[in-house]
Amino acid sequence: MDGKVCYVCGKENLSKKEIGLTKKLLSKNAKIYYCLGCLAEYLEVDTEFLIEKVEEFKAQGCELF
Amino acid sequence: MIYADNAATTRISDKAFEKMLPFLREQYGNASSQYSLGAKAKRAIEHAREQVALAIGAKTVEITFTSGGSEANSWLLQGIAELFGGESIHIITSSIEHHSVLNACRALEDKSTEVTYLPVDGSGRVSLDDVKLSIRPNTRLVSIMLANNEVGTIQPVAEIGSYLHEKGILFHTDAVQAVGHIPVDVNEMHVDFLSASAHKFNGAKGTGFLFKRSGLKLPSMIFGGEQEHGYRAGTENVAGIVALGYALEESVAKMQTTGTRLKAMIDDTVRGVQKVIPSVKINGDAENRLPGTVNLGFDGVSGESLKNILDLKGVCVSTSSACNSGKDIPSHVLLALGLSEEEAKSAIRISYGMYNTLEEVEYVVSAICDAYRKIKSAI
Numbered sequence: 001m002d003g004k005v006c007y008v009c010g011k012e013n014l015s016k017k018e019i020g021l022t023k024k025l026l027s028k029n030a031k032i033y034y035c036l037g038c039l040a041e042y043l044e045v046d047t048e049f050l051i052e053k054v055e056e057f058k059a060q061g062c063e064l065f
Numbered sequence: 001m002i003y004a005d006n007a008a009t010t011r012i013s014d015k016a017f018e019k020m021l022p023f024l025r026e027q028y029g030n031a032s033s034q035y036s037l038g039a040k041a042k043r044a045i046e047h048a049r050e051q052v053a054l055a056i057g058a059k060t061v062e063i064t065f066t067s068g069g070s071e072a073n074s075w076l077l078q079g080i081a082e083l084f085g086g087e088s089i090h091i092i093t094s095s096i097e098h099h100s101v102l103n104a105c106r107a108l109e110d111k112s113t114e115v116t117y118l119p120v121d122g123s124g125r126v127s128l129d130d131v132k133l134s135i136r137p138n139t140r141l142v143s144i145m146l147a148n149n150e151v152g153t154i155q156p157v158a159e160i161g162s163y164l165h166e167k168g169i170l171f172h173t174d175a176v177q178a179v180g181h182i183p184v185d186v187n188e189m190h191v192d193f194l195s196a197s198a199h200k201f202n203g204a205k206g207t208g209f210l211f212k213r214s215g216l217k218l219p220s221m222i223f224g225g226e227q228e229h230g231y232r233a234g235t236e237n238v239a240g241i242v243a244l245g246y247a248l249e250e251s252v253a254k255m256q257t258t259g260t261r262l263k264a265m266i267d268d269t270v271r272g273v274q275k276v277i278p279s280v281k282i283n284g285d286a287e288n289r290l291p292g293t294v295n296l297g298f299d300g301v302s303g304e305s306l307k308n309i310l311d312l313k314g315v316c317v318s319t320s321s322a323c324n325s326g327k328d329i330p331s332h333v334l335l336a337l338g339l340s341e342e343e344a345k346s347a348i349r350i351s352y353g354m355y356n357t358l359e360e361v362e363y364v365v366s367a368i369c370d371a372y373r374k375i376k377s378a379i
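The listed protein sequences correspond, in order, to chains A and B. Our numbering puts the first residue of the first sequence at 1, with every later residue one more than the last. Our numbering puts the first residue of the second sequence at 1, with every later residue one more than the last.
There could be a bad hint or two in this list.
Below, computed lysine-lysine pairings styled on DSS-like, alpha-carbon distance capped at 30 angstroms [what the hints assert, rightly or not]:
#1 A:K4 to B:K59
#2 B:K313 to A:K17
#3 A:K11 to B:K205
#4 A:K16 to B:K374
#5 B:K15 to A:K28
#6 B:K313 to A:K11
#7 A:K4 to B:K132
#8 B:K374 to B:K15
#9 A:K23 to B:K313
#10 A:K53 to B:K15
Take a look, some chain B residues computed to stay more than 12 angstroms from chain A by CB distance [unchecked claim]:
#11 Y231
#12 R261
#13 K345
#14 I375
#15 S377
Computed from the model, here is a short list of chain B residues facing chain A with C-beta under 8 angstroms [stated by the list, open to error]:
#16 G215
#17 L312
#18 K374
#19 I379
Bear in mind the hints are in silico, worked out from the structure with no lab data behind them. From the three backbone atoms N, C-alpha and C, an ideal C-beta is built for every residue, glycine too.
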């Protein structure tokens, strides 16, 4: 999508959701990005929880997703 | 889950909850009905009015129940403008008021009311000298909040009230964050109007009140029956009003011990965070603020990200900036304190309440420090 690569596992072409989550949860100016699985591990939560949060953020009007 | 956002709302107190329940089930009468069930509801409302009056040093006739603080603020501001209808009036308020005051003032400006928005100093305090300098011949009302909702700074309301009383200018204070948390006496503060909201002091959502000093008039806010002395028609929220009365009575009775405990918890939080993140700073007045509230600024880290990661960890705090449509809007309060946009976006508010524990503080500190470290590693 944006050509971003996961900083941990090297997964390429991170999705808009993955890029949005990194920006939303870590920083809009993030220099490194995470795939869903690696971000969940980094933040010590499960991936389903992060997906639920994406829906919450969208409902709040966040345009990062 | 650790709820550290009690300035946003509070859990209803056990006592208030128990006291309101019968009015939703067995005692569900309309307070205007002319039989026993209605009379009991009416008595319960009047008892709550006595509890409120006692808590703030007012007379029962001076208390009008509303749906909350925003309604009380809007009613007062729109009512004052209407009361002096035809006259070009001037209102003084501060730049850090709640939006229910600021937006009501802006709406009045569209209708030719003049409004002065006073600045605050770096701690968030309004100066009496600025009030004095802003008074014009047509100044009819000054509205200054008692304690700020974002940084907790307590305003010199008694000092301002004393001066305005001598000048014969009406004085309103939005005391939504203060009532039930710090001593409030309408006579000592020389206020003519005071707004409060029940869910900020462990009452139920959907109830609040406006204190209006005896002899002062305001136009009715809702037309219909004679409820609330004819000011606010419509069937009363009896259960909510009952909860409000008991919650306030309980908050006032426990104020000193709760306040001491909350202040210690906030101090522990600040110390704990500063130990790991020395650059963290308190936004607002370091001392003269609400005992359970602190606004912390984190160098170079977004408050929104901190809030979001804390949420993942089960800790509820709030940011001073609202993320709308992907854009961060910095807090008008923090900007008024002189913070840059970036600093204003790097803040979180922690506000403890009567149900928080010392054990929770330890977890909050550790969660904040961990969240900060994780964010810093990504930027």
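task = Give me the numbers of the hints this structure contradicts, sorted from smallest to largest.
result = 1, 3, 5, 7, 8, 10, 13, 14, 15 and 16
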